[in-house]
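I would like the entire structure built from these sequences, with the hints used as guidance.
2 protein chains.
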Amino acid sequence: MKVNGGLYRTIWLADDGQAVEIIDQTRLPHEFVTARLSSVDDAARAIVTMQTRGAPLIGITAAYGMALAMAQDPSDQNLEASYAKLIDTRPTAINLRWALDQMRHAIAPLETKVRRRAAFDRAGAMADQDIDRCRRIGANGLTLIEAAAAQKKDGPVNVLTHCNAGWLATVDWGTATAPIYMAFDKGIDIHVWVDETRPRNQGAALTAWELGHHGVPHTVIADNVGGHLMQHGLVDLCITGSDRTTARGDVCNKIGTYLKALAAHDNNVPFYVALPGPTIDWTLDDGVSEIPIEQRDGVEVREISGRTADGRIETISLVAPGSPVANYAFDVTPARLVTGLITERGICPASADGLRRLYPQQAKT
Amino acid sequence: MKVNGGLYRTIWLADDGQAVEIIDQTRLPHEFVTARLSSVDDAARAIVTMQTRGAPLIGITAAYGMALAMAQDPSDQNLEASYAKLIDTRPTAINLRWALDQMRHAIAPLETKVRRRAAFDRAGAMADQDIDRCRRIGANGLTLIEAAAAQKKDGPVNVLTHCNAGWLATVDWGTATAPIYMAFDKGIDIHVWVDETRPRNQGAALTAWELGHHGVPHTVIADNVGGHLMQHGLVDLCITGSDRTTARGDVCNKIGTYLKALAAHDNNVPFYVALPGPTIDWTLDDGVSEIPIEQRDGVEVREISGRTADGRIETISLVAPGSPVANYAFDVTPARLVTGLITERGICPASADGLRRLYPQQAKT
Chain A
1 MKVNGGLYRT IWLADDGQAV EIIDQTRLPH EFVTARLSSV DDAARAIVTM
51 QTRGAPLIGI TAAYGMALAM AQDPSDQNLE ASYAKLIDTR PTAINLRWAL
101 DQMRHAIAPL ETKVRRRAAF DRAGAMADQD IDRCRRIGAN GLTLIEAAAA
151 QKKDGPVNVL THCNAGWLAT VDWGTATAPI YMAFDKGIDI HVWVDETRPR
201 NQGAALTAWE LGHHGVPHTV IADNVGGHLM QHGLVDLCIT GSDRTTARGD
251 VCNKIGTYLK ALAAHDNNVP FYVALPGPTI DWTLDDGVSE IPIEQRDGVE
301 VREISGRTAD GRIETISLVA PGSPVANYAF DVTPARLVTG LITERGICPA
351 SADGLRRLYP QQAKT
Chain B
1001 MKVNGGLYRT IWLADDGQAV EIIDQTRLPH EFVTARLSSV DDAARAIVTM
1051 QTRGAPLIGI TAAYGMALAM AQDPSDQNLE ASYAKLIDTR PTAINLRWAL
1101 DQMRHAIAPL ETKVRRRAAF DRAGAMADQD IDRCRRIGAN GLTLIEAAAA
1151 QKKDGPVNVL THCNAGWLAT VDWGTATAPI YMAFDKGIDI HVWVDETRPR
1201 NQGAALTAWE LGHHGVPHTV IADNVGGHLM QHGLVDLCIT GSDRTTARGD
1251 VCNKIGTYLK ALAAHDNNVP FYVALPGPTI DWTLDDGVSE IPIEQRDGVE
1301 VREISGRTAD GRIETISLVA PGSPVANYAF DVTPARLVTG LITERGICPA
1351 SADGLRRLYP QQAKT
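Here the protein sequences line up with chains A and B, keeping their order. Numbering-wise, our numbering puts 184 at position 184 of the first sequence, and it's gapless, one number per residue. Adding 1000 to a residue's 1-based position in the second sequence gives its number in our numbering.
Errors might be hidden in some of the hints.
[Stated by the list, open to error] The list that follows gives simulated cross-link-like pairs (lysine to any residue, SDA-like), each with its CA atoms no further than 25 Å apart:
hint, chain 1, residue 1, chain 2, residue 2
1, B, LYS1152, A, PRO324
2, A, LYS186, B, PRO1324
3, A, LYS2, A, MET50
4, B, LYS1152, B, ILE1347
5, B, LYS1153, A, SER289
6, B, LYS1186, A, GLY322
7, B, LYS1152, A, ALA326
[Claimed, not checked] Some chain B residues close to chain A (C-beta under 10 Å, calculated; not the full set):
hint, residue
8, ALA1205
9, GLU1210
10, LYS1260
Derived from the structure by calculation, the hints contain no laboratory data. Even for Gly, the Cβ is constructed at its ideal location relative to N, Cα and C.
The following block contains the structure:
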């Protein structure tokens, strides 16, 4: 999508074909910087430090990490070691395991001398497929925004989103944002409420940044505000992403998503989740009890970085000195609170039946 | 309550009797600084800039503001002008109007020469009454914590609170925190989940600070986390404060309170609101449509201040450059989501009947 008027993806093969380049998302919104990943260790570090993040992009970064590993050493031993290294980078997004399984399945049968080339080709194809899936999610979700626009007497369609399920969370287009970009590009009057999404502020830092560069009208709000807006008719629909969705439609997503789904339910605001097939974990049903929830370093709650008036990037402490903090990164929204799932194959109810109809081969029978 | 081992109130008459002193809450948690208010303008500015905040303390600060006004000029004209100046400082907390009405009612019939003395006496009495009400709220709420402790097999009673309804929001003891301090002082095993409460972070900055100084075990969490904790049985009860409660029990409180009440309701966690009688607005029923919600400067969302590792206080920008922000300060939790109201007169259902039984004279018949 657009950055300063130019077109970017979040990850791409370097011109020399020896490395992968990414947008370093830890530097946004204050600095637009790209980084070069030359090894599987670089790729693993990019995921751990969240230079790349978002469930789909974590998967693609890991796929490229496997390609970089094969360029370094195409042996079976390194294939397994690199798989193990990459799968341990983040616990919640299921796309990581999906992408690594795809890569291992494609590479393992090959002779070592062709693995490098095949791995890069495969990772590149997976990146293209990710874009294609997001584009289809966009086209499917667009119908919801068009329907909302048709019902509005005046004013924009107000969409609330949480965290960043934007193009920065994928290779391009995004999941939750794909319908928004398509509606905006089509000239539909749309406005996005952007939850700032503490503690990492990926809404205020990433979603606002990417919507702003594309020109989509939006307003950043504290995470506490969405319920009030819904009580007062200021939200027409919610669209979030997902880090893992179970076979019955329970949605794991950035911490706080559950609270917005409760507010939407209480105010009859449709609550949709946009996700590609690889985000579905067909082995799980009960999201609340079965999905592992990452607990991250408390420093993310205790401190925050930003730009001073004179342009320096500073890190400051926010919490009373000596007070303990806890940092849960995700929560689970039960399927009963989700109006529908927007996938690349269509929109379905958040239920085992709904998902089975769209993905008959993957679903357990 | 305790600060560095010494005992403080949030507001007190200066030793020379010519002014009022306060804890400057805009400097917490990083600096403990007191400020001197010598005029009605000083008092109004302290409320507007939130050097003093919290519904009960706003009321008492305004009462002392009227006393300072009478010390400057005890005329009827200044009485009315000072009332008008102070009532315009904040729109949501009803305690402000209550305190100003009490002061005007007490002062207006008096000859001008005795107004100064009478006004200071009256404000001082109102401060003492505020402490007494909070102490009674504490004793009443303590029974809930004791009951929760009796039911726990092991581990502490986990209480979740939002924003600061602590002693810093009153003259002493606090509203939501009064039962917590009393339980802790009694030796009950208690732990408090402290919502950081964006955008002004009054949980992380004030509630954590005051609990820490008193020694109460607590953990600061992002506002997004409470729902996840409740889903996993990690919250035994919620207690918040209120800025205005209607005659039927709808509770206006810091933005985000409604989201926690929804999560509590969804997980069968008791959700209590602690408030003194002057926080009840007997003229209103439907809180969502009738209570004016303050919209504050977006700079509170866009920027935040804190302490750098080398000890400087810095203000940094958090939001993508150019992105608009909105800053709603309060929301309304419908009575149906509130398990009970903890008042100085006892605990009652959040309903017109419940409140009428405790306050038969104030309630409309």
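Comparing the hints with the structure gives:
Of the supplied pair hints, the one linking B:LYS1152 and A:PRO324 holds, its CA atoms being roughly 23 Å apart against a limit of 25 Å. Between A:LYS186 and B:PRO1324 the alpha-carbon distance is near 23 Å, which keeps this suggested pair within the 25 Å criterion. As the CA atoms of A:LYS2 and A:MET50 are separated by approximately 21 Å, the hinted pair is consistent with the 25 Å bound. A C-alpha spacing of about 22 Å is found between B:LYS1152 and B:ILE1347, which places the hinted pair at or below 25 Å, so the restraint holds.
Simply put, B:LYS1153 and A:SER289 have alpha-carbon atoms about 22 Å apart, close enough for the 25 Å limit, and the pair holds. For a cut-off of 25 Å, the pair hint linking B:LYS1186 to A:GLY322 stands: about 23 Å separates their Cα positions. Only pairs whose Cα atoms come within 25 Å are accepted, and B:LYS1152 paired with A:ALA326 is accepted, the gap being roughly 22 Å. At a threshold of 10 Å, the smallest CB-CB gap from B:ALA1205 to chain A is about 6 Å, leaving the interface hint in force.
This hint holds: B:GLU1210 has a C-beta 8 Å from the nearest C-beta of chain A, less than the 10 Å allowed. At a threshold of 10 Å, the smallest CB-CB gap from B:LYS1260 to chain A is about 8 Å, leaving the interface hint in force.
In this structure, every one of the numbered hints holds.
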